[in-house]
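Undergrad: Chains A and B, in that order, are what the protein sequence lines are.
Going from the first sequence to the numbering used here is simple: count from 1 and add 186.
Going from the second sequence to the numbering used here is simple: count from 1 and add 369.
Check each hint, because a few of them may be wrong.
DEER-style ranges, computed between Cβ atoms [as the list claims (entries may be wrong)]:
(1) A/Ile195 to B/Ile405: 38 to 46 Å
(2) A/Trp199 to B/Asn516: 24 to 32 Å
(3) B/Ile405 to A/Ile243: 39 to 47 Å
(4) B/Leu518 to A/Ile243: 47 to 55 Å
(5) B/Leu494 to A/Ile243: 50 to 58 Å
(6) A/Asp193 to B/Asn516: 47 to 55 Å
(7) B/Val469 to A/Ile243: 19 to 27 Å
(8) B/Pro499 to A/Val220: 42 to 50 Å
Listed next, the stretches of chain B that the computed footprint assigns to chain A, with coverage defined by at least 3 CB atoms under 8 Å from CB atoms of chain A [stated by the list, open to error]:
(9) 451-465
(10) 570-580
No lab work stands behind these hints: they were computed from the structure.
Cβ atoms here follow ideal geometry from the backbone N, Cα and C, with glycine treated the same way.
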Amino acid sequence: MPKREEDRILREWTPIILRSILIVAMVVLGAGLVLTYTFAPDYYVERYQAAQHGHLIGKEPVGLLFDRVRQGNPHAVLTIGLFVLTLVPLARVAFCFMLFVRERDYTYVALTAYVLAGLIVGALAGSAG
Amino acid sequence: MLEILIDLLALAVGAGFIGAISGLGGGVFIVPALVIFAHMPMQVAVGASLISVVATSAGASVAFVRDGWTNLKVAMVLECATVTGAVIGAYLAGVVPTVVLELLFAAMMLQSAYFTVTKRGDDILTKGDPLAERLELASEVPDLSGNLLHYEVVNVPQGGALMVVAGLMSGLLGIGSGALKVMAMDYIMHLPLKVSSATSNFMIGVTAGAGALVFLARGDVATTIAAPVAIGVTAGALAGSRVLPHLKVESLRIVFVIILLLIAAEMGWRALSGI
Chain A
187 MPKREEDRIL REWTPIILRS ILIVAMVVLG AGLVLTYTFA PDYYVERYQA AQHGHLIGKE
247 PVGLLFDRVR QGNPHAVLTI GLFVLTLVPL ARVAFCFMLF VRERDYTYVA LTAYVLAGLI
307 VGALAGSAG
Chain B
370 MLEILIDLLA LAVGAGFIGA ISGLGGGVFI VPALVIFAHM PMQVAVGASL ISVVATSAGA
430 SVAFVRDGWT NLKVAMVLEC ATVTGAVIGA YLAGVVPTVV LELLFAAMML QSAYFTVTKR
490 GDDILTKGDP LAERLELASE VPDLSGNLLH YEVVNVPQGG ALMVVAGLMS GLLGIGSGAL
550 KVMAMDYIMH LPLKVSSATS NFMIGVTAGA GALVFLARGD VATTIAAPVA IGVTAGALAG
610 SRVLPHLKVE SLRIVFVIIL LLIAAEMGWR ALSGI
């Protein structure tokens, strides 16, 4: 694939990826806040005051999180919204990686693979630590 | 709850707005706003800020990428350095004492103030170095009259070294480290200033994303704080980017410097009075 064509694909698709995931994340977060305000305002104030003292909920298993979303738990909806937001860079780098693989541009395959691995290792290190 | 939510949204919208018109990003302002006005511990503010920085970077990058300001290949090369620094920084943020974080934050504010004062014009090169040529980093950018201006890139390893530091600061302090990134690209690698700013903005998403993933996976993000902050900072940044073309930013530069110096003084004072 010529360099200009590769550049065109990147410039056309990257904004679409960024904007789409950002909109989805903002909608989920907005919905989570509305649900919290409607069904669990006291819980919100309790968590806010706990955060002021540095007390956080800590790690939550992903499976449990989705179960809570299905039950309409507002806090779980907010957490899912934040996870969706962190998908923005992951999805963008993964897209570049696949494009460079298709183009057989192995220097950039290696570079984007390193960045992708860094993002994944970071998440794994966080959940292990 | 409504009062808290309105306060958080107001702080976040303000931070996002000033971050966008100053070009320094929302993280620089939301962390001290949460610490000083919402009385949040530094680590809680850092976690919430990292998430919001991902959002503002995504929002602001769209137009820059589409219009050809962002050098995507330079971003991909330098992201290797920033991700490395950010993951290490975010990991360390869980163990580094708050006093150190506050002192580092004050130092970064002084660096941002210095950068805002000394921001210089373009120094475009017509010959790149061999590594930059091998990585095909040279590109073109539209000038004011719409003509394409060709520029070359040099000193990739030196720029990359500073990017590791930028990533480290981002993961530790919850900021995008935009001032450090732009300095590396503009001063060291000789990219045009607007390309440096657009590319830095684009890279900030991955840098902050790496840190945010560590914080989220570790359970160190206060969801109730991070959610309204992410929405508010994004809205503020969007409003700021709309207003920006109609503002005389040069005349506001002194205001930004004063705000940065005040934040540096406040964070430094907090750190030293807590020792």
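Undergrad: Confirm or reject each hint.
TA: How the hints compare with the structure:
Range check, A/Ile195 to B/Ile405: Cβ separation about 45 Å, and the 38 to 46 Å hint holds. In this structure the hint that A/Trp199 and B/Asn516 lie 24 to 32 Å apart at CB holds, the actual value being about 26 Å. Between B/Ile405 and A/Ile243 the beta carbon distance is about 25 Å. The supplied range of 39 to 47 Å is therefore violated. For B/Leu518 and A/Ile243, the hinted distance range of 47 to 55 Å is satisfied, since their beta carbons lie about 51 Å from each other.
A C-beta distance of roughly 51 Å is found between B/Leu494 and A/Ile243, which places it inside the suggested range of 50 to 58 Å. Taking 47 to 55 Å as the suggested C-beta distance range, the pair A/Asp193 and B/Asn516 does not conform, at roughly 18 Å. The beta-carbon spacing between B/Val469 and A/Ile243, approximately 25 Å, falls within the hinted interval of 19 to 27 Å. Separation of B/Pro499 from A/Val220 is about 56 Å and departs from the stated range, judged on CB atoms against 42 to 50 Å.
Taking a C-beta to C-beta cut-off of 8 Å, the segment 451-465 of chain B contributes 7 residues in contact with chain A, enough for the three needed, and the coverage statement holds. Beta-carbon proximity to chain A at under 8 Å applies to 6 residues in the segment 570-580 of chain B; the threshold of 3 is reached and the given coverage holds.
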